[in-house]
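**Q** Take a look at the letters that make up each chain.
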Amino acid sequence: GNSVTQMEGPVTLSEEAFLTINCTYTATGYPSLFWYVQYPGEGLQLLLKATKADDKGSNKGFEATYRKETTSFHLEKGSVQVSDSAVYFCALSSFSGNTGKLIFGQGTTLQVKP
Amino acid sequence: DSGVTQTPKHLITATGQRVTLRCSPRSGDLSVYWYQQSLDQGLQFLIQYYNGEERAKGNILERFSAQQFPDLHSELNLSSLELGDSALYFCASSSGTGGPDTQYFGPGTRLTVL
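Those protein sequences? They're chains L and P, same order as listed.
This note's numbering runs 1077 ahead of the 1-based position in the first sequence.
This note's numbering runs 115 ahead of the 1-based position in the second sequence.
No lab work stands behind these hints: they were computed from the structure.
The C-beta atom is built at its ideal place from N, Cα and C for all residues, glycine as well.
Covered stretches of chain P, as calculated for chain L (at least 3 residues, CB under 8 Å):
(1) 151-164
(2) 168-174
(3) 217-225
Looking at chain L on its own, in the form it has when it is part of the complex:
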């Protein structure tokens, strides 16, 4: 079945450091890929998405490129801030069976220290 694997956390970085959170997926067909972010005590917010191979999603300085050849969708940011501290979820939706249900990775906690 479809699945998403994220790198284990927590990830601890100093402010202005470079961030990479790895995400790989297994899916049939051509899924859409998403990164969601969950700030403490809040719900999930869509950070970015990509709907086909080689698409790059970007938002708030974060980027991820849909790589079909490596089945990956790694999240990157050039310079993190303390306010980026949150849990990041990689997810896919294959739209098979006429449903857009999301399959999530286990989440990666990011802590940014001043």
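Given the coordinates of chain L, assemble chain P onto it according to the supplied hints.
**A** Just chain P, lined up with the frame of chain L:
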């Protein structure tokens, strides 16, 4: 603010009891999804409704049921509660027109079963 509302925010109850969680989707969205977030299982899809009809089922226990009403709000009913049902329950909505439409998440209901 995603435009998706969930009530109540917190719910504390005892084993064996029954509770109802409510979700109001964003204006105009026809699809409602329910997800469960727990420490051991992560974020898991439970069930989806589209315009009042069940569209997809995930890892939803038989003790759990849901429905979507004509005004498109949805309720998730959890019965014969067990300690292991303690979790954060999220509702998400999307336009449901098919394809890679974005799901917008509510703030969640935190259920504690004592």
